[in-house]
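Colleague: All chains should be built: construct the whole structure from the sequences, respecting the hints.
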Amino acid sequence: MVLTRKRVLPTAMLDSLSPLIAALRADGYSVIGPTLRDGAIVLAELTSASDLPHGWGVELDAGSYRVRRRDDDAAFGHSSGAQSWKTYLHPAKVPFWTAQKTSDGFTVDVPPPDGIRYAFVGVRPCDLRAIAIQGRVLGSSYAARLESAFIVAVDCTEPGEACFCVTAGGGPACGPGADIQLTETVGPRYLASAQTTIGQAVLDTLPQQPATPAEREQGATAVAQAAERMQRHLPSIDLRDLLSGSRNAARWDEVAQRCLACGNCTMVCPTCFCTSVRDTTDLGGDIAQRWQTWDSCFDLDFSYLHGGPVRTSTSSRYRQWLSHKLGTWHDQFGESGCVGCGRCIVWCPAGIDLTEEVSALAQERQTDHE
Amino acid sequence: MMPSLFRVVHRRVETHDTVTLALAPASEPLTPPAPGQFHMLYAFGIGEIPVSVSATEDAGIQLHTIRAVGAVSRALCQAMPGTMLGVRGPFGKGWRVPAQGGKNLLIVAGGIGLAPLRPVIREAIRRREQYGNVAVAIGARSPGEQLYTAEYREWRDAGLKVLTTVDQAPGGWGGHVGLVTQLLPGLVTSPAATVAMLCGPEAMMRVTARALADQGMAAPSIQVSLERNMQCGIGECGHCQLGPLLVCRSGPVTGYEVAEPLFAVKEL
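Chains as they are written, first to last, in my numbering: chain A, 179 to 548; chain B, 30 to 297.
Worth flagging that the hints you see were computed from the coordinates, not collected in a lab.
The structure displayed is predicted, hence computed values, not measured ones.
Glycine included, each C-beta is placed from N, C-alpha and C at the ideal position.
Here are a few chain A residues that face chain B, going by a calculated C-beta distance under 10 Å:
#: 1; residue: 274
#: 2; residue: 275
#: 3; residue: 280
#: 4; residue: 451
#: 5; residue: 466
#: 6; residue: 473
#: 7; residue: 481
Anything over 10 Å on all C-beta distances counts as not near chain A; from chain B, calculated:
#: 8; residue: 47
#: 9; residue: 61
#: 10; residue: 63
#: 11; residue: 156
#: 12; residue: 157
#: 13; residue: 159
#: 14; residue: 161
#: 15; residue: 170
#: 16; residue: 174
#: 17; residue: 177
#: 18; residue: 178
#: 19; residue: 180
#: 20; residue: 182
#: 21; residue: 188
#: 22; residue: 191
#: 23; residue: 235
Quick list of simulated restraints, FRET-style, between CB atoms:
#: 24; chain 1: A; residue 1: 458; chain 2: B; residue 2: 59; range: 24 to 34 Å
#: 25; chain 1: A; residue 1: 322; chain 2: B; residue 2: 199; range: 58 to 68 Å
#: 26; chain 1: A; residue 1: 459; chain 2: B; residue 2: 199; range: 34 to 44 Å
Modeller: Next comes the structure, spelled out in structure tokens:
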């Protein structure tokens, strides 16, 4: 249950996140958070706060990702890695059912739910929004996984070089959706507030001091400064209008010269939800299974109709992705599909920058109108 | 995503590559489909495809006309009576058939596009007195590829105007040869009192809808049935994106005012 629609101000100061992680594990949650592995920030199971990437930051650019040593011990002094929480809430491969041949037909059985309850520690404001956005697209199985999850969100105090959450309509401060909300401060120590009753129940069990007004001020300042350090921006125009009016723009052909249609942007995007239904059969032909697997609108087969794919050119596929993300998502789901996390920019092997493409489209449109 | 189990109770060969299957529920029947809606049909071990409903009968029996163009449609076309199939649905928005008011109906079909329009034709015959003129213009590639020809006499006897054309014909064909749009002149006598329903290849619908609009029909009175890759049927897989539409959920039937700007863009 949500305590209030308004953000609850930090009430507590935590010296360590280990008691929180221990409490969640004791409650039966599989606790997932950022870790350092193979030179990248990777989501993985946490057993204690020491698994968090203390003292590691990242250096990002279009098509470039490097971890770097920080001069402090911050656990969340990095922006998001390639993965997002859809890895767990909207997994890449889900079994729907198994059908077994019988003498006069077949039977269909649904596998039992895996029963895993996740606690996510370190969900960034952009990803918190993305979780909610996917929830408004996907159906009951997503809702069930989200409902059973416990979310510990962390305000952003250090945006990455590819981030643009502010102009994507979010911000470095957490919006709604978390059970417990943290702001990382010097030490690191954590300002904490419960946003739900179950969040409150967990927070009440943790060793803590009351947050002082000075500490709250320090946290609020760090978050406000993060907003000012945002390096990338979406143009402040009606993007839905821009995209629907740009279907025949020359820029699509230009970007198609660079786009490899690899689909990386769709895999790392925390809101991209597209899947394929795949039917498989065992070698004997008696057992058939249906799977849902991630798919990408950049894949040639994605738009296949009898006779061939609808979107054969790379320009049409890039147009589909960008126009859906920023434009027609509004028509279908009443909001933008972009949260400004910047992952598509970082993980594009060609370094295509969404914000740059949108600006170019806006420029082209302005030129056409003059 | 769980299919309901149905059994083929009748199989009728329509053309060299097209078959109509009558399916009866093997357990609980599904919600009766509205004209223009579709089901996802599953052939065991092969896969699932969207297929429009071409008629419904008593006891939850539904008819599907399927053209063999891929692995799943071939398997479905070969399904003999007794074969069990999986069915999900009905999905999507169907034809907005005017309920009353004496409207004229104009039904224009290209190829297998006649299948999802057949429920409308049957409905128009059942409630014949509630409509003015009802015309059906049917285009097929060749005389041998025309669908439901055995029913045309019944349709005509019920007072429907049924016109046919083929793209190409061997000797002996006494009918019209040419595009379905060539059948249109004279069919729209009163644009404001006419509702048109179009289903066929996208190019055929684009040209036909434009011709009807040129004859003075308002775009919302011209309905088209759109087609895109559909895998889930419930707007979650993303394959049927067409501009602002998720065709499985906002379509397949939409008004021409929605479809016109989408028809105008290549590879959308």
